[in-house]
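There are 2 protein chains.
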Amino acid sequence: MRIAVVAPSCPLKREAADAVQAIVTARGDCELVVHPQCFLTEGHFAGPDSARLAALREVMADASVEAVWFARGGYGSNRIAEAALTDLPAAARGKLYMGYSDAGFLLAGMHKAGLDVAWGPMPQDVVRDGGDVAVQRALDWMVRRDASTLEGELQGPAMAFNLTVLSNLLGTPLEPDFTGVDLLIEEVSEHLYSTDRTMFHLASSASIRRAARLRLGRVGDILPNDVEFGTDEVAIFEDWCRRSGIAYGGRADIGHDARNKVVPFQRETR
Amino acid sequence: MRIAVVAPSCPLKREAADAVQAIVTARGDCELVVHPQCFLTEGHFAGPDSARLAALREVMADASVEAVWFARGGYGSNRIAEAALTDLPAAARGKLYMGYSDAGFLLAGMHKAGLDVAWGPMPQDVVRDGGDVAVQRALDWMVRRDASTLEGELQGPAMAFNLTVLSNLLGTPLEPDFTGVDLLIEEVSEHLYSTDRTMFHLASSASIRRAARLRLGRVGDILPNDVEFGTDEVAIFEDWCRRSGIAYGGRADIGHDARNKVVPFQRETR
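Those protein sequences? They're chains A and B, same order as listed. Quick note on numbering: this note's numbering labels position 69 of the first sequence as 71, and the sequence is numbered without any gaps. Quick note on numbering: this note's numbering labels position 4 of the second sequence as 6, and the sequence is numbered without any gaps.
Source of the hints: derived by calculation from the structure; they are not laboratory data. The reader is advised that the hints may include incorrect statements.
Identical chains share a label here; the pair holds if one copy fits it or two copies do between them.
[To be verified] Straight-line alpha carbon distances no greater than 20 Å define the calculated DMTMM-like cross-link-like pairs of lysine to aspartate or glutamate that follow: (1) K15 to D228; (2) K15 to E230; (3) K15 to D118.
Just chain A, with the same shape it has in the complex (with noise of 0.2 Å):
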């Protein structure tokens, strides 16, 4: 199998790169090719808008390629997303794109366009502690649908997102249909009010209030109030999805860590 590594958003390290080609180099069940527009900087993108989305439509139009592996999160595969999108090569088909956290602009858009998307590890997440098994994990969903990659309590099409993202996309182009979904959500290195804010515009959004469920996936790096906030992520989520009549189906396991599991958006077509 030949996965394609393309950077929407923040660049990705040598160093990540070159663990993750000694990885698959091991594993001996597919070939990594990662994309020179991955090591371009421009600011905080990894090369100008024109760049990222030019290799990214590269791969997505190149019938070789099986799959394609966003290399990290950051910002910024917004800025690119519904150009992506346009006049969709034929090749854009049938292949995986895979991916978390500002990714998800990406998934979400891809999605709503018929492609194959999961969430799940990518490339720079080798340098985390124990990321190696993230990367293999990611490699094994990538090359064999190996399902002791997935999420434990996946139930019917499900979705997962940064809430952050999710909050950023909704309403605009990008949107696809939570009509019946177990929605996973997960938040990093943001402060618990503006999660309480962020689950405001989540749960007050009729789109949502369309998912089967919403489940809550880690909250990591939680930055400081100035005063404690007085409840924590599991109260906040449990009193929005109280409010707006969404279930609660409980933690998810995904996050911005090596444990972060695999969750493929069109699970009930396999």
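Once you've looked at the hints, dock chain B against the given chain A.
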């Protein structure tokens, strides 16, 4: 004129209340009634939702109150805004509601409900450097509709919002109709990458695209990016206006500072 102060989000500092009371006494043209709820604390908030809602409902229903002045921003007015607007008492109409920042959730919902609202300085601003001038400006608008307090370039119906607050009320029951509105937006204490992401959300919203133009207030206390973002807030704003076809109307004289001007939401009716 009788002005009631309530705190729908975070607690008011005692010294701020005292300083504003002293200003009001010296003016002699109005009476300030600071609701005791302003000094409650529960975690992050000025008392539990129930207490903040009850105080707000009380002053809204009080026919002797001619203006309701939100004590300060922070976070939390969205948690009570919908309930505050249910079964509006007759006395809620015919008075002015004033504040900014987090209070924008209330301004939005109240304006949508036909109440008379204005963006402008709040009591807690008195503790800012030069904050007494801001407080006098707010009082000059509330008490005598002094046109010199207004943002200087308002065209037709106008609204003003904090960017993050506006993003989080899109698609919720609080969202007003932006059609033909001169929309002024400011931001504070965010990373530029986050501002870019939030502007994507705004500019991709069909309802925001109905505004007459967007204008950029001050973007204060920008949090450092680990890598320099690469552009500034003006470039971000211009970029998203250009991408979305919304007219960019230049800078606006609002912000989280003592210079913050008044923006009545229904100016054409005056």
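Cross-check of the supplied hints:
Within a single copy, K15 and D228 get their C-alpha atoms only as close as 34 Å, which misses the 20 Å cut-off; across copies the closest is 15 Å, which meets it. In this homomeric assembly, K15 and E230 come within 20 Å of each other (Cα to Cα) only across copies, at 17 Å, whereas the closest approach inside a single copy is 36 Å. In the homo-oligomer, the alpha carbons of K15 and D118 never lie at most 20 Å apart, since the shortest distance is 27 Å inside one protomer and 54 Å across protomers.
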